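Novice: Listed here are the chains, written in short residue letters.
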Amino acid sequence: MTVNVADKDKMVVVEGSYAVAHAAKVCRPNVISAYPITPQTHIVEDLSQFIADGEIPNCEYINVESEFSAISALVGSSAVGARSYSATTSQGLLLMHEVLFNASGMRLPIIMTVANRAVGAPINIWNDHQDSISQRDTGWLQLHAEDPQESADMLPQIFKVAEDKDVLLPGMACMDGFILSHVYEPVVLLEQDLTDEFLPAYDPEYVLDPANPMSFGAFAAPDTYEEFRFMQEKAMQAALPKIEAAAKEFGEIYGRFHGGLIDEYLTDDAEVIVMSMGSILGTVKDVVDEYRARGEKIGVLKVRSFRPFPKEQIRKAIKDAAAVVVLDKNISIGLNEGALFTETKSCMYNSRCDIPIIGYTIGHGGRDVPRESVAKIIEEAKKVASSGITVESQFLDVKEELL
Amino acid sequence: MKITSGGVCEPGSTLANKTGGWRNFRPVYDYDKCTKCGICEIVCPDMSISLREDDFFEYNYDYCKGCGICANECPADAIEMVLEEK
Amino acid sequence: MSKPAPKTYLAPGHRGCAGCCDALAAKFMLMGTGPNTIVVNPTGCLEVMTTPFPESAWKVPWIHSLFENGGAVASGVEAALKALGRKEGIKVIGVGGDGSTMDIGIRSLSGAFERGHDITYVCVDNEAYMNTGIQRSSGTPFDASTTTSPPGKISFGNPRPKKNMPAIMVAHGSPYVATTSIGYPRDMIKKVKKATEIEGPAYIHAHAPCPTGWGFDGSKTIEMAKLAVETCLWPMYEMENGELTQVKKVKNPKPVEEYLRAQKRFKHLFTMDGGDEEIKKIQATADWNIEFYGLQ
Numbered sequence: 001m002t003v004n005v006a007d008k009d010k011m012v013v014v015e016g017s018y019a020v021a022h023a024a025k026v027c028r029p030n031v032i033s034a035y036p037i038t039p040q041t042h043i044v045e046d047l048s049q050f051i052a053d054g055e056i057p058n059c060e061y062i063n064v065e066s067e068f069s070a071i072s073a074l075v076g077s078s079a080v081g082a083r084s085y086s087a088t089t090s091q092g093l094l095l096m097h098e099v100l101f102n103a104s105g106m107r108l109p110i111i112m113t114v115a116n117r118a119v120g121a122p123i124n125i126w127n128d129h130q131d132s133i134s135q136r137d138t139g140w141l142q143l144h145a146e147d148p149q150e151s152a153d154m155l156p157q158i159f160k161v162a163e164d165k166d167v168l169l170p171g172m173a174c175m176d177g178f179i180l181s182h183v184y185e186p187v188v189l190l191e192q193d194l195t196d197e198f199l200p201a202y203d204p205e206y207v208l209d210p211a212n213p214m215s216f217g218a219f220a221a222p223d224t225y226e227e228f229r230f231m232q233e234k235a236m237q238a239a240l241p242k243i244e245a246a247a248k249e250f251g252e253i254y255g256r257f258h259g260g261l262i263d264e265y266l267t268d269d270a271e272v273i274v275m276s277m278g279s280i281l282g283t284v285k286d287v288v289d290e291y292r293a294r295g296e297k298i299g300v301l302k303v304r305s306f307r308p309f310p311k312e313q314i315r316k317a318i319k320d321a322a323a324v325v326v327l328d329k330n331i332s333i334g335l336n337e338g339a340l341f342t343e344t345k346s347c348m349y350n351s352r353c354d355i356p357i358i359g360y361t362i363g364h365g366g367r368d369v370p371r372e373s374v375a376k377i378i379e380e381a382k383k384v385a386s387s388g389i390t391v392e393s394q395f396l397d398v399k400e401e402l403l
Numbered sequence: 001m002k003i004t005s006g007g008v009c010e011p012g013s014t015l016a017n018k019t020g021g022w023r024n025f026r027p028v029y030d031y032d033k034c035t036k037c038g039i040c041e042i043v044c045p046d047m048s049i050s051l052r053e054d055d056f057f058e059y060n061y062d063y064c065k066g067c068g069i070c071a072n073e074c075p076a077d078a079i080e081m082v083l084e085e086k
Numbered sequence: 001m002s003k004p005a006p007k008t009y010l011a012p013g014h015r016g017c018a019g020c021c022d023a024l025a026a027k028f029m030l031m032g033t034g035p036n037t038i039v040v041n042p043t044g045c046l047e048v049m050t051t052p053f054p055e056s057a058w059k060v061p062w063i064h065s066l067f068e069n070g071g072a073v074a075s076g077v078e079a080a081l082k083a084l085g086r087k088e089g090i091k092v093i094g095v096g097g098d099g100s101t102m103d104i105g106i107r108s109l110s111g112a113f114e115r116g117h118d119i120t121y122v123c124v125d126n127e128a129y130m131n132t133g134i135q136r137s138s139g140t141p142f143d144a145s146t147t148t149s150p151p152g153k154i155s156f157g158n159p160r161p162k163k164n165m166p167a168i169m170v171a172h173g174s175p176y177v178a179t180t181s182i183g184y185p186r187d188m189i190k191k192v193k194k195a196t197e198i199e200g201p202a203y204i205h206a207h208a209p210c211p212t213g214w215g216f217d218g219s220k221t222i223e224m225a226k227l228a229v230e231t232c233l234w235p236m237y238e239m240e241n242g243e244l245t246q247v248k249k250v251k252n253p254k255p256v257e258e259y260l261r262a263q264k265r266f267k268h269l270f271t272m273d274g275g276d277e278e279i280k281k282i283q284a285t286a287d288w289n290i291e292f293y294g295l296q
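Residue numbers (my numbering), protein chains in the order written: chain A, 1 to 403; chain B, 1 to 86; chain C, 1 to 296.
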């Protein structure tokens, strides 16, 4: 992260959730609709307090009876032309699944913070990415933040991209549950004046309005359905440069840059590149710093945008490495691979580059990933670089004695 | 036709779909019997009956599906359902 | 009927069957609301038949999202209008079938009513899942044959009575709950108008005989609706703030047999052994309605 020196004076120590709630507030939402679920609760509690104190003008907060209704209400509000926000996680996100497709298909730029958490069974409240990754085909933008500051800064960026007329897709701003949502760290709370400068008011072409009574949500037969899907895909592709541009413009206005679609850390000359998303990158960078101190050329590729998937940028970033290892806090059961690993392999397959790529699924249900484990992973990747792949994808630290 | 963002549709645009072709029986008024009560207009599920300037009603056969509710409900028995010849 | 019919905001060209009850319900509903209305319509026959892309039969703003979220979408529409300062003079009305209202969508509707949004919701109750081919819902009456409650060697059809949805909505503290029927257009128009003029969540339950699903000729839709009321199987009343304030009286109730005999879905009651005993049970329901709602 690039931090403006002047920011140090502005920093306050707050909980990650507060930083995010505050960021949502300065984005001037018109409708917030949410249902409490751990570890998202502090975000919606803080927003509720802002509402109770009259700090969010022209905004209605709907205390819905389920996540299904949380996101459904926003389908209605967004269609009226309201900037619409929610936050959820895990089971709540899964309960929204059907509506996620709907919001995207109707091209409603609803934004939602996802405080990533594992999904049951067994029920588990701790962090991994199974919840949002399992929504990857719903047609939502999906960005992953590394730290509380980025979790907050991501909101105006993703609103801006989602509401762009060439995009008009809903978006998830993902942050690791507890690890980022409940940590107290110094952050800069987003300035209202800078946010107003960065994020223009939402100005949709069509809204529900008796003065121009359009119909939303018609059914499409086989003669047009394919074109609807094509247009969603086109919008996703259009979002690729917009995500880069929004991150860049954000940096110019606020003085902070967390990467665009991806963020490279010491990758230029790296022989081994570790790829991942979210807060684990902090630990990975610490370990890589130790390797670098010993003169070993290890680099880190942070993937910030999971949807749209930045194929070109990833190809370019990893093509010169001798080996790549991808860390996923999710698994496709039956494939024994995490999604980022599968998709990274997929985007390299038809390129002329034939570097070995291995994957680890890590941190399931909040399992700690200590530095030693990251070092173990890097050591394995070094072996792959010299002598090829022995195990393509594996769990990081299964306790054999429990099986 | 161009697909609008999210598939938004223009109001009342089903007018492009003339459902009169579905009809097997055609409702026909006997204006001598008609009392201009207007029940036929209100009970038409296809909005195919309209008031004329002389306060009698007329059918829009472009859309009338020939369901026969109007004839069934007419208190003056002033509507006859006539077999369409196709 | 000397006074002219109010203007409606539903266009012809929709794909409803000849004699469609949903088209009539939507037509009457919009006669009651007028043009300054936003309609939220969960999935069902009405939604499908009125909006095959790129066409729409609706001349007021209309939104369909999913089957089970009509209440929540309406909540969001209302909240957005308020937040944007556009609510004044605009009515938000949900309209769904018995399935999307009483079964799959009840959570969403319950939430919307509990929260007290200023919306009206109209249930067009044709007593089964017609859009998917006449399967049983919780609105299907006792002993009716549907494709998932067929009569057989050990069954007379649907084994349960209709869910009393209006009572559930009254229990939410709704200021206005009314039952109506498409057999009585003026009644329905009046009640919808009243509901939309009342502040807070109001509920209208409109009985709507479906010729295709119930098995009668499309010309008899209105007649069948009236027969349900005349046999006291469908009581029409208004409840304001939990109190019964108005009831449509039925001076000389017709026997339920007259209503049942006119529909294929009850045909088995007249052919199967023991059918007459079943008809007595249905008559007992009508008798209970007469007593409970004071229909006479």
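Incorrect hints may appear among the rest.
If you want a taste of the chain B side facing chain C, the calculated C-beta under 10 Å gives, among others [claimed, not checked]:
{"#": "1", "residue": "1"}
{"#": "2", "residue": "2"}
{"#": "3", "residue": "5"}
{"#": "4", "residue": "23"}
{"#": "5", "residue": "28"}
{"#": "6", "residue": "30"}
{"#": "7", "residue": "31"}
{"#": "8", "residue": "51"}
{"#": "9", "residue": "66"}
{"#": "10", "residue": "73"}
Okay, derived cross-link-like pairs now, DSS-like style, lysine-lysine, Cα gap no bigger than 25 Å in a straight line [what the hints assert, rightly or not]:
{"#": "11", "chain 1": "A", "residue 1": "383", "chain 2": "A", "residue 2": "316"}
{"#": "12", "chain 1": "C", "residue 1": "190", "chain 2": "B", "residue 2": "36"}
{"#": "13", "chain 1": "C", "residue 1": "190", "chain 2": "B", "residue 2": "18"}
{"#": "14", "chain 1": "A", "residue 1": "382", "chain 2": "A", "residue 2": "311"}
{"#": "15", "chain 1": "C", "residue 1": "7", "chain 2": "B", "residue 2": "36"}
Interface residues of chain A toward chain B, partial, derived using beta-carbon atoms under 10 Å [said to hold, decoys possible]:
{"#": "16", "residue": "165"}
{"#": "17", "residue": "197"}
{"#": "18", "residue": "201"}
{"#": "19", "residue": "354"}
No lab work stands behind these hints: they were computed from the structure. Since we're looking at a predicted model, the values are computed, not measured. Backbone N, C-alpha and C fix where the C-beta goes; we use that ideal spot for every residue, glycine too.
Novice: Take the hints in turn and mark each one as holding or not.
Specialist: Each hint, compared with the structure:
1. With 10 Å as the threshold, the beta carbon of residue 1(B) comes within range of chain C, its nearest partner Cβ sitting at about 6 Å, so the hint holds.
2. At about 9 Å, the closest approach between the beta carbon of residue 2(B) and any beta carbon in chain C falls short of 10 Å, and the interface hint on this residue holds.
3. Interface hint at residue 5(B): violated, since its Cβ lies 13 Å from the closest Cβ of chain C, which is beyond the 10 Å cut-off.
4. Taken as an interface hint, residue 23(B) checks out: its beta carbon lies about 8 Å from the nearest beta carbon of chain C, inside 10 Å.
5. With a least beta-carbon distance of about 15 Å to chain C, the hint placing residue 28(B) at the interface is violated under the 10 Å criterion.
6. The closest approach between the C-beta of residue 30(B) and any C-beta of chain C is roughly 17 Å, which is over the 10 Å cut-off, so the hint fails.
7. Residue-level restraint check for residue 31(B) is violated (minimum Cβ-Cβ distance to chain C is 17 Å; threshold 10 Å).
8. Hint status for residue 51(B): holds, given a least beta-carbon distance of 7 Å to chain C, under 10 Å.
9. Hint status for residue 66(B) relative to chain C: holds, with the closest Cβ pair at about 6 Å, below 10 Å.
10. Taking 10 Å as the C-beta contact cut-off toward chain C, the hint placing residue 73(B) at the interface holds, the least distance being around 5 Å.
11. Taking the CA atoms of residue 383(A) and residue 316(A), the gap is near 23 Å; set against the 25 Å cutoff, the hint holds.
12. Proximity of residue 190(C) to residue 36(B) is assessed by CA-CA distance (about 22 Å); at most 25 Å being required, the pair is judged to hold.
13. Distance restraint check for residue 190(C) and residue 18(B): the Cα-Cα separation of roughly 31 Å exceeds the 25 Å cut-off, and the hinted pair is therefore not satisfied.
14. Proposed proximity of residue 382(A) and residue 311(A) is supported: the alpha carbons are some 24 Å apart, at most 25 Å.
15. For the given pair, residue 7(C) sits about 17 Å from residue 36(B) by alpha-carbon distance, which is consistent with the 25 Å threshold.
16. Interface restraint check: residue 165(A) against chain B, minimum CB-CB distance 8 Å, threshold 10 Å, status holds.
17. With its C-beta approaching chain B no nearer than about 27 Å, residue 197(A) sits outside the 10 Å limit, and its interface hint is violated.
18. Among the interface hints, the one on residue 201(A) is violated; its C-beta lies about 18 Å from the nearest C-beta in chain B, farther than the 10 Å criterion.
19. The closest approach between the C-beta of residue 354(A) and any C-beta of chain B is roughly 41 Å, which is over the 10 Å cut-off, so the hint fails.
The structure is inconsistent with the numbered hints 3, 5, 6, 7, 13, 17, 18, 19, although it conforms to all the rest.
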